[in-house]
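These are the residues of each chain, in order.
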Amino acid sequence: MKLIACTEGHSGKIEAFSLEMIAAARSLAQADDEVVAFFAGRDAEGASACLGAADRLIVACSTRLDVIPAEAYTLLLRDVVTAESPGLVLVPYSANGLDVAADIAARTGWPLISYVNEIKRHGESLTIVAQMYGGKILAECEVRLPAVLMINPGAFAAAVPDPIAAVNVQTIDAEPVLTSGKVKMVAIDMPDYADVDLTAADRIVCVGRGIGDEASIDLARNLATMLGAEIAGSRPVVDNGWLPKLRQVGKSGQKVKPKLYLALGVSGAPEHLEGMSQAELIIAVNTDPKAPIFNVAHYGATCDLFDLVANLSDRLRAGSGR
Amino acid sequence: MNILVVLRMIPDSAGELQLAEDGRSIDREWLDFQLNDFDDHALEEAILLKEACGAKVTAVAVGEGANRVLQMAAARGAEEVVALQSEEDAMISSREIAASIAAMARAKSADLVLCGVQSTEDVFGQLAPYVGALLDWPHVSGTNRIVANGAVLRVTQERGAGVAVTYELATPAVLGVQTASKAPRYVSGSKLREASKTPIGRATPELSGFERSAEIITLRLPVQGGSGENLGGNAETVADRLITILAAKGLARN
Ligand SMILES: Cc1cc2nc3c(=O)[nH]c(=O)nc-3n(C[C@H](O)[C@H](O)[C@H](O)COP(=O)(O)OP(=O)(O)OC[C@H]3O[C@@H](n4cnc5c(N)ncnc54)[C@H](O)[C@@H]3O)c2cc1C
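Here the protein sequences line up with chains A and B, keeping their order.
For reference, each letter of the first sequence is one residue, going 142 to 463 in this note's numbering.
For reference, each letter of the second sequence is one residue, going 730 to 983 in this note's numbering.
With the rest of the complex left out, here is chain A (with noise of 0.2 Å):
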């Protein structure tokens, strides 16, 4: 059987969760079994200098085009699978794999979970662990081969990176599908750290859909200036407008690895843990004991967030008094 593993990168930079994919799919080959990777993109380079891990690489090639639509990334790749006829199709849940992943399924008419943390192989069928309801319950599905899933970041230890032999690499020309195609890239904007780099920023606190309206951000923010600490939010507080975007934290927002992170009133979705949960100390404050923010938290608080933050400042001004 074959089993792609979907990749992807731009900037010349291969995305990490691209060595992930590598490596589900390799913990489920069998003796017989081939792991094709299938990227699409500008750095073919790049590529073929570190996703070795897999017996095959399928690169699709742009001279132009630094990030690929979802649109070309799937009708390449939906070439590909008629070509290869695979067992496995397995996509990043990525701002592109959202739309690449149910589109194959749709196509092949090929079965689809998403969310995947876990998976077991047993001959023709897989049992996965997929989450639901932003990861408070998990949802134990079966399903038979052929199939397509699409994984969570993270949810795999990432293959090392190796460079993969030349004969081993197939090269299309992915142009004449980006020329033909219905959905035309006009622009890039890649995010000014003028403002703020959350990436750089090694005390983070941050403020949860919990916080309840903007007023209150000054609250946390007071609270934050005191501990020397960026302000920063989850993503229906930056779409409520009440913090900018760059202050974002998570899948659709900064990456970030501080060494202090206060997340107050974030019940802590999969989106959102995939941009926080490798932060050093992690203290996490919520009213509901079962918000998945603990499972990654050293620290855990159940009591009401304004209650901490008004007690945390009165003893951090007291102490700056002193």
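Keep in mind that the hints were calculated from the coordinates and are not lab data.
Bear in mind that the values here come from a model prediction, so they are computed numbers and not experimental data.
There could be a bad hint or two in this list.
[Said to hold, decoys possible] Reference listing, derived: stretches of chain B covered by chain A, where coverage requires no fewer than 3 residues with Cβ under 8 Å from a Cβ of chain A:
# : stretch
1 : 733 to 743
2 : 847 to 854
3 : 860 to 872
4 : 887 to 899
5 : 943 to 951
6 : 965 to 971
For every residue, glycine included, the Cβ atom is placed at its ideal position computed from N, Cα and C.
Fit chain B with the ligand to the given chain A structure using the hints.
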């Protein structure tokens, strides 16, 4: 432009989720059902497009409490509201409702279908790409801005780490909305009362165009707590402990 926007009612996962006796679903009896966050943004984006370029908005809702949410959609500016019948007490599977949404998009000559990028029940895959594939229309997920210029859409997609990509595509299309261009608006009680007179259409589900994805064998709660220390629920003692912990790690002061 005809816009079809899909609104899914999902259990409030901020509350406590308990497993049903069969172990394959959650106990829905005492749960609050609320509009999927991302669908709320999809609705807002639809109304913003209507205000910007005069589109007609049809809102279709599925799940427990659909009527209430459809009245809210009408109060916010949807011209037509339709409840899609769903199985009671069942999880809303995007894979299973996709065929119904695609059929409605055809029947209403929709130019644009807007769905929230995901719902927390989407364990068998996302709605927008399924509907896109069934209709063979282009689809883009993770959008945070949509601008229409006639039949041409400019769509901005979040790629993570602050990177955003803008695409151009022609309608008909399906978009998975992550965030609306502006935060969802508040509707006043008087508008809601007025909108409560809007007739709610009914639609019966189409057979899914897809094979069933898989069976859920069991649901379970994750093992709680990890290896972290629980400081308890008293704010004063928690604050004392935290000051000590932070000071010991040299993190309490600059
Ligand atoms: C493609 C995609 C990308 C995403 N990217 C991101 C991302 O980058 N970052 C991100 O954060 N999310 C992201 N999300 C959204 C994510 O799925 C969750 O919806 C989000 O993280 C929830 O934010 P929250 O925890 O602040 O809010 P909620 O889930 O609403 O949680 C609020 C928490 O506050 C607690 N609480 C309430 N009041 C109090 C109080 N007084 N004291 C203490 N605790 C209290 C509650 O118990 C609850 O646990 C993304 C989703 C998708 C689909």
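Against the structure, the hints come out as follows:
no., hint, verdict
1, 733 to 743, "holds (count 3)"
2, 847 to 854, "holds (count 7)"
3, 860 to 872, "holds (count 8)"
4, 887 to 899, "holds (count 13)"
5, 943 to 951, "holds (count 9)"
6, 965 to 971, "holds (count 6)"
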